[in-house]
Amino acid sequence: MVIRVNPTRMELLSLKKRLVTAKRGHKLLKDKQDELVKKFLDMVKQNRALREEVERELIDAFRSFTMARSQMPANVVEESLMIPSAKVSINVKKENIMSVNVPRIEISQEESKNLYPYGFANTSAEMDSAIRTLSTMLPKMLKLAEIEKACQLMADEIERTRRRVNALEYVLIPQLENTIKYITMKLDENERSSRTRLMKIKEMVMQG
Amino acid sequence: MHKIGVIADHDTVLSFKSTGIDTFPAIDEAEAADILMKLAQENYAVIFITEHLAEKIRDKIDLFRDKMLPIITLIPSNRGTLGIGISDVKKSVEKAIGADIIFEREGRE
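Chains as they are written, first to last, in the working numbering: chain X, 1 to 208; chain E, 1 to 109.
If you're looking for bench data, these hints aren't it; they were derived computationally from the structure.
One thing to keep in mind: the hints can contain errors.
Stated by the list, open to error - Here are the computed lysine-lysine pairs in the DSS-like style, where the Cα-Cα straight-line distance is at most 25 angstroms: (1) K143/X - K60/E; (2) K94/X - K143/X; (3) K91/E - K60/E; (4) K39/X - K67/E; (5) K32/X - K94/X; (6) K3/E - K140/X; (7) K45/X - K90/E.
These numbers were taken from a predicted model, which means no experiment stands behind them.
With the sequences and hints as input, model every part of the structure.
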């Protein structure tokens, strides 16, 4: 493919400039992509390990919670959990990894004296342990949320960057190179034709 | 300050009550979708939702995929995991790299 331009010296110069810019842009984007992929791979490995861990532990916790509930009347369970003893809130900040804004979560947990929102009279020991596990799970779950989101955002950014790199590498740069070649050849051709014309004229003048 | 919410079926929600995060029991996917859209507009930064509900409101969850907040994270429910969470991680890898190199490689070992 050749860009349709007038084969003039002016155009040739501006195309050459554009080619240089395109090549530099391509190199920069390529570097960005490599770095992003490197970071992404590190992160996604963590993501995977953490997700497996959280899922396993959560299922365990749910299981012991279900066991605990089965040992107590339903209304007692509801009643004892009605008012939570802890209040968790978080602060989400932005962090920039290779121009991708990823969230960073800070947990600010109001320390409560008592982890358990109920008295021990009516509840079973299984309930206590299930609740303890779940409370310790929370920071891990938030970490998972944070990493997983970062991975998703980075995956999107990598895809976008790859598209741009490819567009430059396989479309724009070859197009510019072809056009430059076309103009150069056209200019050379013009020069040759004007030279032969001059020679011809000179011959005619000599004869006359 | 941001809040944390969890959308799950009634039984799973009960387990989270004591952890101090906001719990929203949802019976079916329509209710879950309503709650999700509502929480997204409020000051919720992290929303946990069970895979059982999430698989039916995929389109709603995907709306927030490329936004930084809220973070929607799938968790297993007390009926176990459906493997959607982990396959989403896999999909991210495929999207970014073009091929699934992390899971595949370890599977072969």
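A quick look at each hint next to the structure:
For the proposed pair K143/X and K60/E, the alpha carbon gap of about 23 angstroms is at most 25 angstroms, so the pair holds. Proximity of K94/X to K143/X is assessed by CA-CA distance (about 14 angstroms); at most 25 angstroms being required, the pair is judged to hold. With a C-alpha separation of about 18 angstroms, the suggested pairing of K91/E with K60/E holds against the 25 angstroms cut-off. In summary, the hint linking K39/X to K67/E is supported, as the alpha carbons are separated by about 20 angstroms, within the 25 angstroms threshold.
For the suggested pair K32/X and K94/X, the alpha carbons sit about 20 angstroms apart, so the restraint of at most 25 angstroms is met. In summary, the hint linking K3/E to K140/X is supported, as the alpha carbons are separated by about 16 angstroms, within the 25 angstroms threshold. Distance check on the hinted pair: K45/X and K90/E sit about 10 angstroms apart at the alpha-carbon level, within 25 angstroms; holds.
Of the numbered hints stated above, none is contradicted by the structure.
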